Amino acid sequence: MSSKTKLAALVLAGLGVALSGCARLDMQDQPKYKPQRPSEFFADGRSGRPELEGTVARGEMQEDSAFYSGRDEKGDDIAGFPIAVDKAFIQRGQERYDIYCAPCHGRIGNGLGMVVRRGFKAPPSYHIDRLRNAPVGHFYDVISNGYGAMLNYAAQIQPRDRWAIIAYIRALQYSENANVNDLSADVRSKVPAVGAPLTPEQKAAEASQPLVPKDPDFYNFPAEPATPSGVPGARGVGAYKTNQPERK
Amino acid sequence: MPQLFKSSANSFARSSIVVAVLVLGGLGGALFELIADSSYATRQGDAREQPIPFSHAHHVGSMGIECRYCHTGVENGPHAMVPPTKTCINCHSQIWINSSTLEPVRESYRTNESIKWTKVHDLPDFVYFNHSIHVKKGVGCETCHGRVDRMPLMYQNASLEMRWCLECHRNPEKFVRPRQFVTKMGYEPAEPQETLGPKLVREYNIQKLETCWTCHR
Amino acid sequence: MQPVELPDKIHVGPVIDQGHSLASVSDKVAGIVLKRKVTLGWVFGLLLSFAILQNLMAGATWLIIKGVGVWGINIPVGWGFAIINFVWWIGIGHAGTLISAILLLLNQSWRNAINRFAEAMTLFAVMCAGMFPVLHTGRPWLAYWLLPYPNTMALWPQFRSPLLWDVFAVTTYLTISAVFWYVGLIPDLATLRDTAKTPGLRRTYGLLAMGWRNSARHWQRYEKASLLLAGLATPLVVSVHTVVSFDFAVSIIPGWHTTIFPPYFVAGAIYSGFAMVLTLMIPVRRFYGLDDIITLRHLNNMAKVTLATALIVAYGYTMEAFFGYFSADTYEKFMIWNRMTGPYAVFYWCLILCNIITPQFLWSKKIRTSPGILWIISIIVNIGMWLERFVIVVTSLHRDFLPSSWGMYWPTVWDWAVYTGTLGMFMTLIFLFVRVLPMITIFELRMLLPDATVKEPVAQ
Amino acid sequence: MSAYTEDDQDTLYGLMAEFETPGQLVAAARRTREAGFRKFDAYTPYPIHELDGAMDLHDNRVSLFTLIGGLLGCAGGFTLATWVSAVAWPLNIGGRPLISVPMFIPVTFECTILLGGLTAAISMLLMNGLPQPYHPVFNVERFVNASRSKFFLCIESADPKFDRQDTEGFLESLGPQEVAEVAK
Chain L
1 MSSKTKLAAL VLAGLGVALS GCARLDMQDQ PKYKPQRPSE FFADGRSGRP ELEGTVARGE
61 MQEDSAFYSG RDEKGDDIAG FPIAVDKAFI QRGQERYDIY CAPCHGRIGN GLGMVVRRGF
121 KAPPSYHIDR LRNAPVGHFY DVISNGYGAM LNYAAQIQPR DRWAIIAYIR ALQYSENANV
181 NDLSADVRSK VPAVGAPLTP EQKAAEASQP LVPKDPDFYN FPAEPATPSG VPGARGVGAY
241 KTNQPERK
Chain A
1 MPQLFKSSAN SFARSSIVVA VLVLGGLGGA LFELIADSSY ATRQGDAREQ PIPFSHAHHV
61 GSMGIECRYC HTGVENGPHA MVPPTKTCIN CHSQIWINSS TLEPVRESYR TNESIKWTKV
121 HDLPDFVYFN HSIHVKKGVG CETCHGRVDR MPLMYQNASL EMRWCLECHR NPEKFVRPRQ
181 FVTKMGYEPA EPQETLGPKL VREYNIQKLE TCWTCHR
Chain P
1 MQPVELPDKI HVGPVIDQGH SLASVSDKVA GIVLKRKVTL GWVFGLLLSF AILQNLMAGA
61 TWLIIKGVGV WGINIPVGWG FAIINFVWWI GIGHAGTLIS AILLLLNQSW RNAINRFAEA
121 MTLFAVMCAG MFPVLHTGRP WLAYWLLPYP NTMALWPQFR SPLLWDVFAV TTYLTISAVF
181 WYVGLIPDLA TLRDTAKTPG LRRTYGLLAM GWRNSARHWQ RYEKASLLLA GLATPLVVSV
241 HTVVSFDFAV SIIPGWHTTI FPPYFVAGAI YSGFAMVLTL MIPVRRFYGL DDIITLRHLN
301 NMAKVTLATA LIVAYGYTME AFFGYFSADT YEKFMIWNRM TGPYAVFYWC LILCNIITPQ
361 FLWSKKIRTS PGILWIISII VNIGMWLERF VIVVTSLHRD FLPSSWGMYW PTVWDWAVYT
421 GTLGMFMTLI FLFVRVLPMI TIFELRMLLP DATVKEPVAQ
Chain B
1 MSAYTEDDQD TLYGLMAEFE TPGQLVAAAR RTREAGFRKF DAYTPYPIHE LDGAMDLHDN
61 RVSLFTLIGG LLGCAGGFTL ATWVSAVAWP LNIGGRPLIS VPMFIPVTFE CTILLGGLTA
121 AISMLLMNGL PQPYHPVFNV ERFVNASRSK FFLCIESADP KFDRQDTEGF LESLGPQEVA
181 EVAK
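Chains as they are written, first to last, in this note's numbering: chain L, 1 to 248; chain A, 1 to 217; chain P, 1 to 460; chain B, 1 to 184.
Among the clues, some could well be false.
In the BS3-like style, the derived pairs of lysine-lysine whose C-alpha atoms are separated by at most 27 Å in a straight line are [said to hold, decoys possible]:
# : chain 1 : residue 1 : chain 2 : residue 2
1 : A       : K137      : L       : K34
2 : B       : K39       : P       : K455
3 : P       : K197      : A       : K6
4 : L       : K34       : A       : K136
5 : P       : K224      : B       : K39
6 : L       : K32       : A       : K119
7 : L       : K34       : A       : K116
Covered by chain A, according to a simulated footprint, are these stretches of chain P (three or more residues, beta-carbon under 8 Å) [claimed, not checked]:
#  : segment
8  : 22-36
9  : 284-297
10 : 416-429
These aren't lab readings, by the way, just hints derived from the structure by calculation. Computed from a predicted model, the values in this text were never measured in an experiment. Don't be surprised by glycine CBs; every beta carbon is placed ideally from N, CA and C.
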């Protein structure tokens, strides 16, 4: 091997090393579909195909109408849960509620969630009589199909979780409307007497936790027009103006 | 015989050998490691251009929207899922509706055409990865994706090198957290990880999956 | 190291012809490089070899574009030409190290005339051999993954695999052969430097000689280093083909899983290597008029080594057949029977003819000292040794344990392209070598001369 | 014996005698050493083992370094194989032991040879001071023959016993063909 060949080989080897550093390996991108990968084959450019009308995927046959629609045979909202409710179920509901509902409805269901504070139309509090007395099927219907400004959450929350959330909403409604006498005696003894003046510490603690943050930057967002221009095709948005649409 | 070389040739010849050895051996090797392992090659920390400058820092950091609000697939599927446009519209039907920045979102919703997001965490296609099992076994979002709540534009927090994957697969107890804190950003273990980690590994029955076919199948 | 003089009954003639002096051998060998005009034959040979080398270029390019599927390999024969040619080339390389290292240790003076050439052959053959595993990876640019180095995958090679031993053995062999060769070249490069007429050549050889000035203090360390290198290279050369044989022997394939493989492979390697040295030496000796330096005694000795290794190889074949019978194992018995009578039987019997029958002619001293016949026999042996690897690889693989997995292997045009291409590469390098570097170790030749004997004058 | 002068050492590397046969050189080298010179060297077209005795050359450091290199290679190879197989990438293959010594022998052996061989070659070159393309001895016109057919002996001016006149006389007494000055 002449020294020239050696040099050429070294240069080539060096190039190879340099290239191997920046170029991705050839099998790193394979001509196959992975979730959400674009497709050149389908006109809409998606590899994930939408379900055809009337398709029932395996294991998704929704025969239990009460469970899957929240309505009985007559089409009225069901009043009782179509599923057994226990503590774990409510806790699951709490977790899901905090993920999907709390942004607007607030952690305690008062309708003052973070998104609402940023300008979204405030939903009603759960702690009004109308909702306290509404059948559970009503909540199920709202989650599944949307209501007012709220779009449906059918894709984000699975039916079982919807019921869990409803169970948790019921718990919220109960706790926000609880009477001190509902507490067991030993717990009640720790609660300050009703009507008793707050201690200075309690006052300070309350003042330091305002409902609305005092940080001036908190609301520092460009002002949006009060009248939404609407998003064409968005279900529920068009009905927003009437605020309380007739259902069905 | 006249001298072929000047006396300076001696030091030149010797130093050139030393330099050649250094350059080819040491520097070559170091350079290789540097290039193969650099953020240039792995694209670590490299914020990607997106059709809409979506800010996790805003949505997660200041609004406190939970990861799973959008990434609904993370618990039950291999893929965390970039949310459909509909999920954006949940709020942006009313907020920022006149913003030109968000026009592509409305456009997408009108026309039913996908927004072409740029994939940030792009594993090689010969790697099988499943989000759900990691979430189930208590691997926090933050462990791989970093402080997403502080990322104005999404970037790849980890190198995504195989070495990096193995770091956790070989020593899961150093990284796992209780399941309820999986999506928590800035999580601090309540007790030292040295004692909590092994406890969780036992409780969640976490195995040290190091075989090739764990990921390459 | 003085020539060992033994009775002429054993040796045919001297290791170097009468009438040479220190100056004449230097001028003769250096003259081939420095004075001799470029002949048409050499140019034609080089161009032809270079043209054949293009087969390798084309074959490798197509392989890189399309993948290893362009070769004839498939299930069940996953190892085809790549391993056949790898083993063949590595085996050819062995003669060089054997001649330069083992014969140096054994103080065989006749090695001096042929060791440089044989070492160069080793180097080029190992380079050709290395092509095959590297190309067989399918991604030659990632071949460095075979080496242990800290990487981003946190992966290391499997040290319990013979294939990794191969990587270590072959790279070590290539490195040590190159070092041994270059160390041997240094004094001769100095001779070329001092003999060359044009300043350009003198400077080039001067740089390569690193300023070697034939100092006695240098020679003392030099000889020590040469001896040590020879001492290290000797077990190395044995280990390399042993490790290559482990690629087969450590597996459980009938026909491969035998303990005789290591010695039988080493003997086969030396056998084919000596045959290749003869194949190259006889024409070179003729064209460059080196009959007085590479004498009939050299040819005779090499022919004897060839015959001896042929007998070892014949013993190996016999043992393989015996193992098949004696193991009483269905698969082993079938394998050897299939080898002799199956679809590839013709290759088996050709190999017996080439490797066992043909070399029997070498019992005759007359044939051992007739360069022409010796040359033909050496070529037949080269073909035979290639067939041996073909038979070992293909017949064992093409009949799997389950008849449902049986198949046939035939090389494709791309297999042949890469194989002939390495032949072209080998020949190109040989052609360049004989013109650019002294093909015979000049300083060791000098030691063989009567002039070299030290007769101290009586002090006055 | 008178000492060398400053001038000589500045311009003169030494004095070089040329001999016709290896026998004359060996005898000359022996007498030079017996005369008390230490900084001198013989130049021959091929290694002459008799010179080792005549010049008292017993440098075994190449062997020592090769031994060290080989042992390092041996230890390194085995350590690498063990560390990789048992620590860095422990791979359970059918319950076989992670540290399976017989399987590490080939790699250990090859590393021994590789490092030993490289050490032998490199230590030889280093101790010979190579590469050294320039050396004063090349200034002598006839020195080209050192790599062809002639034998040279050079006494360096750096030798404490060196004296321009006396040393030249001494070299002449050895019966050389020619004595030449070696310029620096």
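### Task
Return the numbers of the hints above that this structure violates; sort them in rising order.
8, 9, 10
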